[in-house]
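Peer 1: As a plain string of letters, each chain reads:
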Amino acid sequence: MVVSGALRSLDPALTRTAIVLQSGDWGVVASNFDFLLVGTAVTILLTVSSLVLGFLAGFPAGAIEVYGTGRLRGLVAGAGVVLRGTPIVVLMMLFYLGLPIPQLGTVPGLEIRVSPFIAATLALGLRSAAYQGQVFRGAIQSIDDGQMEAARAIGLPRRGAVRHVIFPQAVRRALPGFQNEFTIVLKDTSVAIAIGLAELLTRAEYLFVQPERSTAMFELILAVSAIYFVLTFATNRTLDRLQTRYAIPEGDG
Amino acid sequence: MTLLELEDIEKAYENEEVLHGVSLGMEQGDVEVLVGPSGAGKSTLLRCVNRLTEIDAGTIRLAGESIHDLDSNDLRQRVGMVFQDFNLFAHRTARGNVTLGLEEVLGMDHDEAVERAEAHLDQVGLAEQADSYPAELSGGQQQRVGIARALAMDPELMLFDEPTSSLDPELIGDVLAVMNDLAAEGMTMLCVTHEMGFARSAADTLTMLDGGRIVERGPPERLFENPQHERTESFLGQFTDFE
Ligand SMILES: Nc1ncnc2c1ncn2[C@@H]1O[C@H](COP(=O)(O)OP(=O)(O)OP(=O)(O)O)[C@@H](O)[C@H]1O
Ligand SMILES: [Mg+2]
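In order, the protein sequence lines correspond to chains H and L. If you're matching positions, the first sequence starts at 8 in the numbering used here and goes up one per residue. If you're matching positions, the second sequence starts at 44 in the numbering used here and goes up one per residue.
So here's chain H without its partners, still in its complex pose (with noise of 0.2 angstroms):
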């Protein structure tokens, strides 16, 4: 069984030695910050392939919950409701456990196992796609019934009116959702020390349950922390900055 050992390792009379700041557990973190820049680099690249799993699913979904009929929308539906309705570290799991994913070995530099990289992508990938499914769900109805006439009316059929009338407008509509789940998969990563995915925070706790390195822990989860935060705040202004430069002209009022 790969599911690690972080919570085991938090007893509270651990916990209480840990959490006196010294600067020589600083001097850890210092020491150990390459170490944990490859957890970092593993964190973006599993927030990348899940974001780009997400839309890729995420999108067509939640235009299959406006315009389609019948089982597909049924089935669409109903998928969203239970990947929405399960905890990610318990889709994490199923997808890791349950899947015939084949031992790919592991991925030099980064020092990560493929498979539960892939169970990983699949788990916050397909969650996302139910949740970004719902914002563009929501964008696309937030759009005047004015604009699918106009686009039928010149004799665009529904498909071509769809996608060049419809969805520019709902990607636009939808960026401030998509800039929430964009926050929302980045911080949900670290779930991946579940499966034993040596992504940040893994990497952190792979430091400190040594016990000669066991008094730095409190230092440690700050730097992570830190280092999440940097993150999101950097990726949420670009995204707004995306937003602005998209934004489609309001006038000069």
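The set of hints was computed from the structure by calculation and includes no laboratory data. Note that CB positions come from ideal geometry on N, CA and C, so glycine has one too. Treat the hints with caution; some may be incorrect.
[To be verified] Restraint ranges, calculated between C-beta atoms of paired labels, are given here:
#1 L:ASP197 / H:ARG165: 48 to 58 angstroms
#2 H:ASN243 / L:GLU97: 44 to 54 angstroms
#3 L:ASP174 / H:GLN148: 24 to 34 angstroms
#4 L:SER109 / H:GLN148: 31 to 41 angstroms
#5 L:GLU59 / H:ALA241: 52 to 62 angstroms
#6 H:GLY85 / L:GLU97: 26 to 36 angstroms
#7 L:ASP117 / H:LEU82: 25 to 35 angstroms
#8 L:ASP174 / H:GLY184: 22 to 32 angstroms
#9 H:ALA241 / L:ASP165: 41 to 51 angstroms
#10 L:GLY229 / H:VAL88: 51 to 61 angstroms
#11 L:GLU97 / H:ARG166: 17 to 27 angstroms
#12 L:SER115 / H:PRO115: 51 to 61 angstroms
Guided by the hints, dock chain L with the ligands onto chain H, whose structure is given.
Peer 2: Showing chain L with the ligands alone in chain H's frame:
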């Protein structure tokens, strides 16, 4: 040549009957103004012609062919529509609003579409506004882009559904001027509008619709001067009082 023929059109929504056996014919180049109280079925009638709404019974023919034998997208390319609320594509410039149909429906290449779009924007007096987004334009300008967008598809018939009803009074004139030009150039136009000045000056036929039936139909002068029905007289009377 008879361009548009409606024969015994019936249309009901859920339980509510909206059109009861409406029949009319328009020759090529005719300008027809359709008036009537709110809920009379004017918008529904227009929308049946380009099949944004499907009729329950009756026949609609365009240039002799039943519109139900045509592909609805081909039909809509041949029948332009202008909406009360403009419905410009909010994410595209004035030019982009016109080029979309040219590129995606008519399959024109981009440069050709741009050239044609700019010619049509020029025709409605908006050459300067080609790069503006709808939200940057006045209502009157938006509506003229809407007209250019429809005209660019080279339609045989234009439908106008209260094109000036959402406009501030001082902006109505520009839109009516464009419609007058079109009428003078021989475009076949079916217009729902309560601009009686336009009806008098541009329309060949004025049709009074009430409760889903044609009450009276004829040359505008005759309906204004010598209405045959009390309903027409009282309805048109409320407009002539203000002129
Ligand atoms: N999509 C719809 N579903 C149900 N009922 C509708 C629908 N569209 C129109 N109606 C009803 O049909 C009747 C005729 O509507 P229509 O819009 O054609 O009238 P109109 O003459 O254009 O009125 P107005 O001057 O207010 O625009 C109205 O009673 C309206 O409530
Ligand atoms: Mg109407």
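Peer 1: Give a verdict on every hint.
Peer 2: Here's how the hints hold up against the structure:
no., hint, in the structure
1, L:ASP197 / H:ARG165: 48 to 58 angstroms, "violated, 23 angstroms"
2, H:ASN243 / L:GLU97: 44 to 54 angstroms, "holds, 48 angstroms"
3, L:ASP174 / H:GLN148: 24 to 34 angstroms, "holds, 30 angstroms"
4, L:SER109 / H:GLN148: 31 to 41 angstroms, "holds, 35 angstroms"
5, L:GLU59 / H:ALA241: 52 to 62 angstroms, "holds, 57 angstroms"
6, H:GLY85 / L:GLU97: 26 to 36 angstroms, "holds, 32 angstroms"
7, L:ASP117 / H:LEU82: 25 to 35 angstroms, "holds, 34 angstroms"
8, L:ASP174 / H:GLY184: 22 to 32 angstroms, "holds, 30 angstroms"
9, H:ALA241 / L:ASP165: 41 to 51 angstroms, "holds, 47 angstroms"
10, L:GLY229 / H:VAL88: 51 to 61 angstroms, "holds, 58 angstroms"
11, L:GLU97 / H:ARG166: 17 to 27 angstroms, "holds, 19 angstroms"
12, L:SER115 / H:PRO115: 51 to 61 angstroms, "holds, 58 angstroms"
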